[in-house]
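Under numbering that gives the first Met the number 0, think of the first position of the sequence shown as 0, with each following residue one higher.
Accuracy of the hints is not assured; some may be wrong.
As the list claims (entries may be wrong) - Straight line, CA to CA, 20 Å or less: simulated SDA-like cross-link-like pairs of lysine to any residue:
hint, residue 1, residue 2
1, Lys200, Arg189
2, Lys266, Thr285
3, Lys247, Leu196
4, Lys182, Asp540
5, Lys182, Met385
6, Lys103, His82
7, Lys350, Asp13
By construction, these hints were calculated from the structure, which means they are not laboratory data.
Because the structure is a prediction, the values reported are computed rather than measured.
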Amino acid sequence: MAENRFPLEIYELDPMLAEFKGDLDYRNQRFYDVKEELVEDGSLKDFANGHRYYGFHKDKDGWVYREWAPAAEALFLIGDFNHWNRESHHLERIDFNTWEIRLKPEELHHGDLVKVRVVFQGRSQDRIPLYIKRAVQNPQTNDFSGQIWEPSNRFIWSDKEFKGLKGEAPFIYETHIGMAQEKRGIGTYREFADNILIRIKEQGYNTVQIMAIMQHPYYASFGYHVSNFFAVSSWFGTPDDLKYLINKAHAMGITVLMDIVHSHSVKNTIEGINEFDGTDFQFFHTGKRGNHDQWDSKIFNYGKHEVIHFLLSNIKYWMEEYHFDGFRFDGVTSMLYLDHGMGTDFDSYKKYFSMNTDVEAVTYLQLASSLVKEINPNGITIAEDMSGMPGMCLPIEKGGIGFDYRLAMGVPDFWIRNLEKRDDQWNMHEIYFELSTTREGEKRIGYVESHDQALVGDKTIIFRMADKDMYTEMNVFGENIVVDRAIALSKMIRLVTISMGCDGYLNFMGNEFGHPEWIDFPREGNGWSFEHSRRQWSLADKEYLRYKGLNDFDKAMIHFMKENDLMGGGEPEVLWRDDERKLVAIRKKGYIFLYNFHPTESYEGFELPTHDEGAYRVVLDTDQKEFGGFGGRISHDYEYIVQPMKMNPNYHGITLYIPSRTAMVLEKRD
Numbered sequence: 000m001a002e003n004r005f006p007l008e009i010y011e012l013d014p015m016l017a018e019f020k021g022d023l024d025y026r027n028q029r030f031y032d033v034k035e036e037l038v039e040d041g042s043l044k045d046f047a048n049g050h051r052y053y054g055f056h057k058d059k060d061g062w063v064y065r066e067w068a069p070a071a072e073a074l075f076l077i078g079d080f081n082h083w084n085r086e087s088h089h090l091e092r093i094d095f096n097t098w099e100i101r102l103k104p105e106e107l108h109h110g111d112l113v114k115v116r117v118v119f120q121g122r123s124q125d126r127i128p129l130y131i132k133r134a135v136q137n138p139q140t141n142d143f144s145g146q147i148w149e150p151s152n153r154f155i156w157s158d159k160e161f162k163g164l165k166g167e168a169p170f171i172y173e174t175h176i177g178m179a180q181e182k183r184g185i186g187t188y189r190e191f192a193d194n195i196l197i198r199i200k201e202q203g204y205n206t207v208q209i210m211a212i213m214q215h216p217y218y219a220s221f222g223y224h225v226s227n228f229f230a231v232s233s234w235f236g237t238p239d240d241l242k243y244l245i246n247k248a249h250a251m252g253i254t255v256l257m258d259i260v261h262s263h264s265v266k267n268t269i270e271g272i273n274e275f276d277g278t279d280f281q282f283f284h285t286g287k288r289g290n291h292d293q294w295d296s297k298i299f300n301y302g303k304h305e306v307i308h309f310l311l312s313n314i315k316y317w318m319e320e321y322h323f324d325g326f327r328f329d330g331v332t333s334m335l336y337l338d339h340g341m342g343t344d345f346d347s348y349k350k351y352f353s354m355n356t357d358v359e360a361v362t363y364l365q366l367a368s369s370l371v372k373e374i375n376p377n378g379i380t381i382a383e384d385m386s387g388m389p390g391m392c393l394p395i396e397k398g399g400i401g402f403d404y405r406l407a408m409g410v411p412d413f414w415i416r417n418l419e420k421r422d423d424q425w426n427m428h429e430i431y432f433e434l435s436t437t438r439e440g441e442k443r444i445g446y447v448e449s450h451d452q453a454l455v456g457d458k459t460i461i462f463r464m465a466d467k468d469m470y471t472e473m474n475v476f477g478e479n480i481v482v483d484r485a486i487a488l489s490k491m492i493r494l495v496t497i498s499m500g501c502d503g504y505l506n507f508m509g510n511e512f513g514h515p516e517w518i519d520f521p522r523e524g525n526g527w528s529f530e531h532s533r534r535q536w537s538l539a540d541k542e543y544l545r546y547k548g549l550n551d552f553d554k555a556m557i558h559f560m561k562e563n564d565l566m567g568g569g570e571p572e573v574l575w576r577d578d579e580r581k582l583v584a585i586r587k588k589g590y591i592f593l594y595n596f597h598p599t600e601s602y603e604g605f606e607l608p609t610h611d612e613g614a615y616r617v618v619l620d621t622d623q624k625e626f627g628g629f630g631g632r633i634s635h636d637y638e639y640i641v642q643p644m645k646m647n648p649n650y651h652g653i654t655l656y657i658p659s660r661t662a663m664v665l666e667k668r669d
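Start from the sequences and build out the full structure, keeping to the hints where you can.
Here it is in structure tokens:
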């Protein structure tokens, strides 16, 4: 057993965890014990090499194909190379777990389609090899096959000097390659690289988070029902096309994250890994525990060393082969709890530490976060956890799980709940508390909406406010009070969210300019239409549409926050919080952010205590004409001199005018 690593700093950061010391100590000890069992005196980086051993590999002597199928009785390699002969190429069992076959150099070729026939208890099924690098669909039969990917001209990387964010705050542009073009069809990796990366760069985002990279048989699954974990999604192009995209992003200084799905797997046995060797327990828990009923998918057995090996190798593969700079781990809440967190209100610490907690999954997440840092010390890990598990984003040596950031998943729901109230019922204390509160020492990625809020069945923030008027009333020459409100609050909501203490920020593509269409992938129910599975970038480029003003505001906001290093820093300093007048003011470094959420009241001669000396000048406001505001109501030239205040001469502050439904940022000028 590995040496116990106690005491842990997590108890100092959150004294309420002392009651659960036994659980946390066990969690911490289990990580070191399992790691020692896996690697002994080595490293996780050296352990996670399944992709280098299994699958298809070519050397000077020819080809070798190895497969992990412990329960299988026989394996046969079939494909174009042998005219799909089901008996001619028999794999030999070389140990209890592994099968192998060697072929001459001329027997296999780049582009050949292959499968492996797996025999179990006298029954056989044709399967796609577990470590295949590419899987493609036959357009006539819709059948998927593995494809040998060994091009003679290997891709040449030119990103050796790229070092990632190096401690900078991530401004994340969440994207889906297929729906990123304006055309009614599936976009490609190269189209994204050549057409969309420049938009992301100009908008100010320094990170792109790409969804649906791992091969999935159903396009409309958004990539969350993965079938082939080592295969680049062929919906969008070839492996080299993806490398082209990432290499180009790095040349532009953009960090690239992958939305990795290790929380579950597609149930399919024809395309996926389920029951590959004939058993239901090769990768997954057997019986009820192995099924996620709500997602109609399979749940990994994170306590099985071979499964850990498969998943950790998968992480290393994507970082090593495709130069991904890190991952957003999907479905972490589902992994952490045996009931997958479905319907659970995490209102008590006891719900984090109980028999419902899957400690094997916790250990896997600790191993995964450790491996990413071993491979790339600047690598980024983000947890999609809505439960708020303590220690998720603390280093393991402090008693945490080791992730860098957690998504602030409660924030979009908070804004949706607010929009269900009248504007004069919004509570300024609740806004401040929700947006600024986090676990001590843990970093959050703040966001107003992600792809989740843009899907059919939900609505984006601006669509909830403007609804049908988004289609007909977005002309800059018209007047519409519904659209005016939607545009004003959309900008304010984004600015207050990004400024209130989050350590990074995320936006889903198109939301920055209030994209009017929901996301509805081609499916039988919509006649397999691509009408709502695309992004209409031209809306943001047209001077006569108000979408452009929203896009320009987002651009100004992102650049301002990034260039002035205003992300993070803990809870902001509160200067004013007034629920009756719907005012909130905070200070970060030398900048004051002042918000007036009142729907009708503007305040002339408002006295704001600053408790300092000098002067302030407005450098950004949501009411600017170029951002779709009324313009001219807030001066950027006037200097607000700090003086004794009329309401209390012992206080020093500035006196200014703040219109209704506007926000402004003032810079300190000494």
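>> Between the alpha carbons of Lys200 and Arg189, is the straight-line distance 20 Å or under?
In response: Roughly 16 Å between the alpha carbons, so the hint for Lys200 and Arg189 holds.
> Regarding the pair Lys350 and Asp13, is the alpha-carbon distance no greater than 20 Å?
Replying inline: With Cα atoms ~16 Å apart, Lys350 and Asp13 stay inside 20 Å; holds.
>> Tell me if the straight-line CA distance from Lys103 to His82 falls inside 20 Å.
In response: holds (16 Å)
> Taken at face value, is the distance from the CA of Leu196 to the CA of Lys247 at most 20 Å?
Replying inline: Distance ~8 Å between Lys247 and Leu196 Cα, so the pair holds.
> Straight-line Cα separation of Lys182 and Met385 no greater than 20 Å?
Replying inline: violated (35 Å)
> Regarding the pair Lys182 and Asp540, is the alpha-carbon distance no greater than 20 Å?
Replying inline: The hint holds at about 16 Å.
> Has the given pair, Lys266 with Thr285, been kept, meaning a C-alpha gap of at most 20 Å?
Replying inline: The given pair, whose Cα atoms are some 13 Å apart, holds under the 20 Å limit.
Consistency with the previously given hints fails for number 5 only.
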